[in-house]
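Engineer: Each chain, letter by letter, is given below.
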Amino acid sequence: MKALPVNPDQSPLVVLDLLFKLKIKDVMTAEVITVQRTDSLRKVQHLMRDSRISGVPVSENRRLFGIISIDDIIRALDAGHINDPVDRHMSVNVVVLEEDMPLSFGISYFDKFKFGRFPVLNHNNQLVGILSSRDVSTTLLLELLKEYRKIEEQLPHHAPQSAGPISQRFRINRYDFENAGKAAQAIKKILIKRNVPSARIRCAAVAAYEMEINQVVHSIGGNLSYVIDDDKIELFAIDDGPGIANVDQALEEGYTTANEWIKSLGFGAGMGLTNIRRVADEFSIRSTLGSGTRVHAVVRLKDSNGSATDKTR
Amino acid sequence: MKLTELIEPLSCKIIHEGSDFADTTIENVTASDLMSDVLVVDKHNLLIVTSLASDQVIRTGDIVGARAVIVVNGKALPATMSKLAQELDVSLLLSPLTKFMACVRIGRLMNTE
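Those sequence lines, one after another, are chains A and B.
Heads up: the first sequence at position 206 corresponds to 206 in my numbering, and the numbers run straight through without jumps.
Count along the second sequence from 1, add 313, and you get the number used in my numbering.
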């Protein structure tokens with residue numbers, strides 16, 4: 001029996017930790033759809049169709065008698081005994097899990113027994129849930145997301161509030177709309193603390209935001225970094241590819257290669273680079289097809305008359 | 314025009330009240346589903362009217378310094394949207410009207426001032 005679907009020597013500790021920390025009861029579906037021994041297979045067939053499930057435990061008062069799978073139903077339809085009661089055709093040798101077992105155990109069961117689901121019992125042998133591979137993948141994804149957030153929060157990205165040059169780098173991932181804008185938000189916060197005029201903050205935030213969105217939409221991923229000193233903020237958006245075939249064309253307002261999905265999210269109007277150029281005091285772009293794109297923008301942090309006071313609000 | 318004056322004519326449901334919600338003044342309105350277009354708007358006391366129900370509307374609103382966002386067409390809002398509105402202190406309202414009708418009514422209210 002393969003103990004785990006991952007190699008313990010090469011997997012991140014976070015993943016292994018989750019597989020042992022999470023109990024079956026944390027992952028299982030607690031509201032189990034069940035049938036009784038006297039129910040007809042026809043009823044089970046309808047139940048499976050309506051609830052979109054492929055296996056139903058046979059249980060009365062939380063006592064488990066067996067399980068009916070979609071294979072049993074197909075066989076019953078074939079053989080013409082679909083109106084028989086459940087207990088004549090259910091599997092009685094049911095492989096079950098206990099609610100306090102670690103998740104790693106549950107995963108190894110999927111590997112070992114090739115069943116789509118396992119009923120879960122408590123210490124008193126009462127049916128308390130059911131575990132499907134869907135439960136496992138959903139929970140693991142959510143838990144990994146939580147862990148990832150925790151790790152991200154621990155990264156030293158809390159910028160100092162005092163004057164003097166500061167810099168920071170953000171990782172931007174492809175199609176990660178959920179986090180797009182976080183760099184712009186962070187930059188905005190810092191500039192507010194530094195009493196930069198709000199019109200200037202706006203320009204810097206718009207430039208950073210468009211850079212983030214560009215990388216989310218068009219690149220396979222990249223980085224956005226900034227350097228802030230007393231006079232200006234410098235923004236560098238450097239992605240890992242795929243590069244722009246025709247940079248002049250990309251700079252035309254309204255030119256876009258975005259697909260309908262991206263447009264449905266409110267982006268991809270072909271305004272990104274134009275917007276950055278519009279709000280920035282300096283702007284440059286370099287791109288090589290096959291390697292990547294580098295956008296550089298500078299936004300001055302003082303009003304044109306040199307004062308640092310806020311005239312706009 | 315006060316933001317609160319819009320609530321009844323647009324049959325708005327209040328999803329999040331930003332700070333000084335009751336005193337929020339609206340001087341400019343932009344109606345768009347394209348956030349890149351909204352980012353071009355450089356106006357104070359801005360209201361965004363949109364039929365786009367996504368977190369990025371709130372982020373865009375925050376970046377352009379918008380006071381409030383009204384999502385029209387009674388769209389189902391993702392749960393994260395009101396959370397982000399709280400976090401970024403942007404008032405968020407939901408109207409069942411179409412974008413056109415919402416704009417017509419806002420226009421009338423602004424004209425009578």
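Since the hints were made in silico from the structure, they are not lab data.
Each hint should be verified, as a subset may be incorrect.
Derived EDC-like pairs (lysine to aspartate or glutamate); straight-line CA-CA distance at most 16 Å [to be verified]: (1) Lys189/A with Asp346/B; (2) Lys25/A with Glu98/A; (3) Lys263/A with Asp346/B.
If you only want the chain B side, here are some residues facing chain A, beta carbon under 7 Å, derived [as the list claims (entries may be wrong)]: (4) Thr317; (5) Asp336; (6) Thr338; (7) Met348; (8) Leu352; (9) Val354; (10) Lys356; (11) Leu365; (12) Gln369; (13) Ile376.
Even for Gly, the Cβ is constructed at its ideal location relative to N, Cα and C.
Engineer: State for each hint whether it applies.
Structural biologist: Structure-based check of all given hints:
Between the alpha carbons of lysine 189/A and aspartate 346/B the distance comes to roughly 26 Å, so the proposed pair goes past 16 Å and is violated. Between lysine 25/A and glutamate 98/A the CA atoms are separated by roughly 8 Å; this keeps the pair inside 16 Å, and the hint holds. The suggested pairing of lysine 263/A with aspartate 346/B holds, with an alpha-carbon distance near 9 Å, which does not exceed 16 Å. Hint status for threonine 317/B: violated, given a least beta-carbon distance of 21 Å to chain A, over 7 Å.
The criterion of a C-beta within 7 Å of any C-beta in chain A is not met by aspartate 336/B, whose closest approach is roughly 15 Å, and the hint is violated. The restraint placing threonine 338/B at the interface with chain A is violated, with a minimum CB-CB distance near 12 Å, outside the 7 Å limit. Interface hint status for methionine 348/B: upheld, as the beta-carbon distance to the closest one in chain A is roughly 4 Å, under 7 Å. About 5 Å separates the beta-carbon of leucine 352/B from the nearest beta-carbon of chain A, less than 7 Å, and the hint is met.
Annotation: valine 354/B was flagged as interfacial toward chain A, and the flag is violated, the nearest CB pair being 10 Å apart, outside 7 Å. With a least beta-carbon distance of about 11 Å to chain A, the hint placing lysine 356/B at the interface is violated under the 7 Å criterion. With a least beta-carbon distance of about 5 Å to chain A, the hint placing leucine 365/B at the interface is held under the 7 Å criterion. With 7 Å as the threshold, the beta carbon of glutamine 369/B comes within range of chain A, its nearest partner Cβ sitting at about 6 Å, so the hint holds.
Annotation: isoleucine 376/B was flagged as interfacial toward chain A, and the flag holds, the nearest CB pair being 4 Å apart, inside 7 Å.
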